[in-house]
Amino acid sequence: MIDKILHKGEFFSKIGAWVGGTILLATSVLITIEVILRKLFSISLGGADEISGYAMAASCSWAFAYALFKKAHIRVDVLYVKFPQAIKYFLDITSLVLFAIYMSVLSYFAFHVFLTSLNRHSTANTPLHTPLWIPQLIWTSGLIFFTLSIFLILAGTLTYFFRKDVVAAQRLSGATTLEEEIVEGTVKTDHENEEPSGGLK
Amino acid sequence: MIIGTTLGILLALLLLSIPVAATLSILGLTIGEMFSDFPVYRAIGEISWAASTDFILLAIPLFVLLGEILLRAGIAERTYIALDRWLSWLPGGLMHANIGTAALFAATSGSSVATAATITTVALPQARKYNYAESLFAGTIAAGGTLGILIPPSINLIVYGFLTNTSIPQLFLAGIVPGILLTLLFMTCVLVICLIKPGLSGGPRSASWSERMHSLKDIIPVLIIFIVVIGSIYAGWATPTESAALGVLASLGLAKYYRAVNLRFFKKVMEGTMRTTAMIMLILISANFLNFILDAIGLAEALTQFIHQLGLSPMKTLFVIIALYIVLGFFVETLSLMVITVPIVAPVMVGLGFDAVWFGVLLILLIEMALITPPVGLNLYVVQGVRRSGSISEVMIGSIPFVAMIILMIVILIIFPNLALVLSQFVV
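Order-wise, the sequence lines are chains Y and C.
Under my numbering, the first residue of the first sequence carries the number 1, and numbering increases by one thereafter.
Under my numbering, the first residue of the second sequence carries the number 1001, and numbering increases by one thereafter.
These aren't lab readings, by the way, just hints derived from the structure by calculation.
Among the clues, some could well be false.
[Claimed, not checked] From the derived model, a few chain C residues whose C-beta atoms are all more than 10 Å from chain Y:
(1) LEU1014
(2) ILE1044
(3) LEU1246
(4) MET1315
(5) ILE1322
(6) LEU1408
(7) LEU1413
(8) VAL1427
[What the hints assert, rightly or not] Calculated pairs, BS3-like style, for lysine-lysine (alpha carbon to alpha carbon, straight line, at most 25 Å):
(9) Y:LYS14 with Y:LYS82
(10) C:LYS1268 with C:LYS1256
(11) C:LYS1129 with C:LYS1197
(12) C:LYS1267 with Y:LYS4
(13) Y:LYS8 with C:LYS1217
(14) Y:LYS14 with C:LYS1268
(15) Y:LYS39 with Y:LYS164
(16) C:LYS1267 with Y:LYS8
(17) C:LYS1267 with C:LYS1256
(18) C:LYS1316 with C:LYS1268
(19) Y:LYS164 with Y:LYS14
(20) C:LYS1268 with Y:LYS4
(21) Y:LYS14 with C:LYS1267
(22) Y:LYS14 with Y:LYS4
For every residue, glycine included, the Cβ atom is placed at its ideal position computed from N, Cα and C.
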């Protein structure tokens, strides 16, 4: 049961990452057009920086959960690696609880920011007069999704803990092992592509 | 009282391996409650929204994206093969290509982990084939990987600029001369070691001029991207964020030219980019909130006062700070080290009369050193992790000469501060 939900959650967060990355790429196109028009024709689209700011807030808030599933949020593990398994469990669970507290507080007040903009019909102090509640809603919902993911992973870790499934718990929420870090970091390029010229002799 | 409690909670949470982003904001919430008469925590929504939409910070995701595109398009391998043709006739052979590729490549890539891991994967089989001493060989990759945070565009310099309100264009240009100089120092170091002990290097390698000229087609594109990014900032055409956007499209064009672009490529690029971006941005959003709290409770003033009471001269304070970073660098991961210390240390140093841009470059050198000093030197472990044989201590020993070179560079920068400031004076 829990495995299924975790799997779904991770897949959903991955879609968040794909969409977020694509939005960032689109942002680059927008900014590039703005720079070229400004430099060559002295025309300004106006608002490219503002829209890109919203795009960043949206794509990042929706990617936080993905980074959590991938265990990319940095933890200092100098002492962690030296502790016995029981204490590691305790620290993993404490980490998630503190993360949950932080994100619950942030989500609550982020929602408040959104609600205030909505009620006061606040618009950005820019030529675009963007109704601020729109980007703030996307941002806030990303944060809430992240908060829910933290609780989900916490539930998963506790379940594995009571099942005494050390491996699964470690894989889900243990501090990143170097092995995992390298697998994520190393880039395997497809060599079905054109071979680099010559190769090493 | 404030200083002690803050440091105590901070160290306790960090050592208990609480995620850095959670540590910073929980610390902010706690000391805000303890030392402020106002419910300062209520501002967390507004402050996080402001940081999340900050156009300056957008440069970070875009530079990460740029690096991911280049890495996954296989540009590192191409650069490596090309630089091998140009540099490997020197005593030390392929090790110069390691350093050169790392410098060129890390100059555009956001992740020193990805760069070091990729170069190790490409280079290591060659080292074994040609009987290089693996210790020094691994050291060149670990040390080379650190160059990327000094040579612009550098995400660490953006983080420093954001946290201290220092001009990022100035910081970028200030990193160029020390960056090139340190690269040359690394290469000279390899050269001298291999002249004294030729056994550490593989056999001589040579390439014909026609091969070299042919390989230029794999070096020039990377240089063009560097020139697009840094040139547009230098010429005043683009802000760092805008130059990052130009760089993203240029690198995508290059990936397209090498026929690397397909759906799977896009998925991998997006996943890698968002994984790194989300991690960095959440830490920055938390650090930004913590800074607001520290400001509200007056920690920086308390600390500046404390330093004044010590009655140290500016130079002595500088050396204390350097010693502090060397020690912290042994244990704390580098991005965390920066976001935790910079907001507190930089104002104190500027208050003592040091230039903020110059201190930024000096700090980056210290951070580079932290990346290759045990027990927590990330690059050492990455190289060792890809090696999968031998002992980590070999990589550590192989990196020692380069730690010495970084120290030398720090000394040079203190004696000749203009090395950093000579280019940065041309932009605002």
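Going down the list of hints, with the structure as the test:
1. LEU1014: violated, 5 Å
2. ILE1044: violated, 5 Å
3. LEU1246: violated, 6 Å
4. MET1315: Per Cβ check, MET1315 (chain C) is outside 10 Å of chain Y; nearest 31 Å; holds.
5. ILE1322: holds, 21 Å
6. LEU1408: holds, 28 Å
7. LEU1413: holds, 28 Å
8. VAL1427: Non-interface label on VAL1427 (chain C) holds, nearest chain Y Cβ at 16 Å vs cutoff 10 Å.
9. Y:LYS14 with Y:LYS82: Violated: LYS14 (chain Y) and LYS82 (chain Y) sit about 32 Å apart, past 25 Å.
10. C:LYS1268 with C:LYS1256: holds, 15 Å
11. C:LYS1129 with C:LYS1197: holds, 19 Å
12. C:LYS1267 with Y:LYS4: Holds: LYS1267 (chain C) and LYS4 (chain Y) sit about 23 Å apart, inside 25 Å.
13. Y:LYS8 with C:LYS1217: violated, 45 Å
14. Y:LYS14 with C:LYS1268: holds, 11 Å
15. Y:LYS39 with Y:LYS164: violated, 63 Å
16. C:LYS1267 with Y:LYS8: With Cα atoms ~18 Å apart, LYS1267 (chain C) and LYS8 (chain Y) stay inside 25 Å; holds.
17. C:LYS1267 with C:LYS1256: holds, 15 Å
18. C:LYS1316 with C:LYS1268: violated, 48 Å
19. Y:LYS164 with Y:LYS14: Between LYS164 (chain Y) and LYS14 (chain Y) the Cα gap is close to 28 Å, so the pair fails against 25 Å, i.e. violated.
20. C:LYS1268 with Y:LYS4: holds, 24 Å
21. Y:LYS14 with C:LYS1267: holds, 10 Å
22. Y:LYS14 with Y:LYS4: holds, 15 Å
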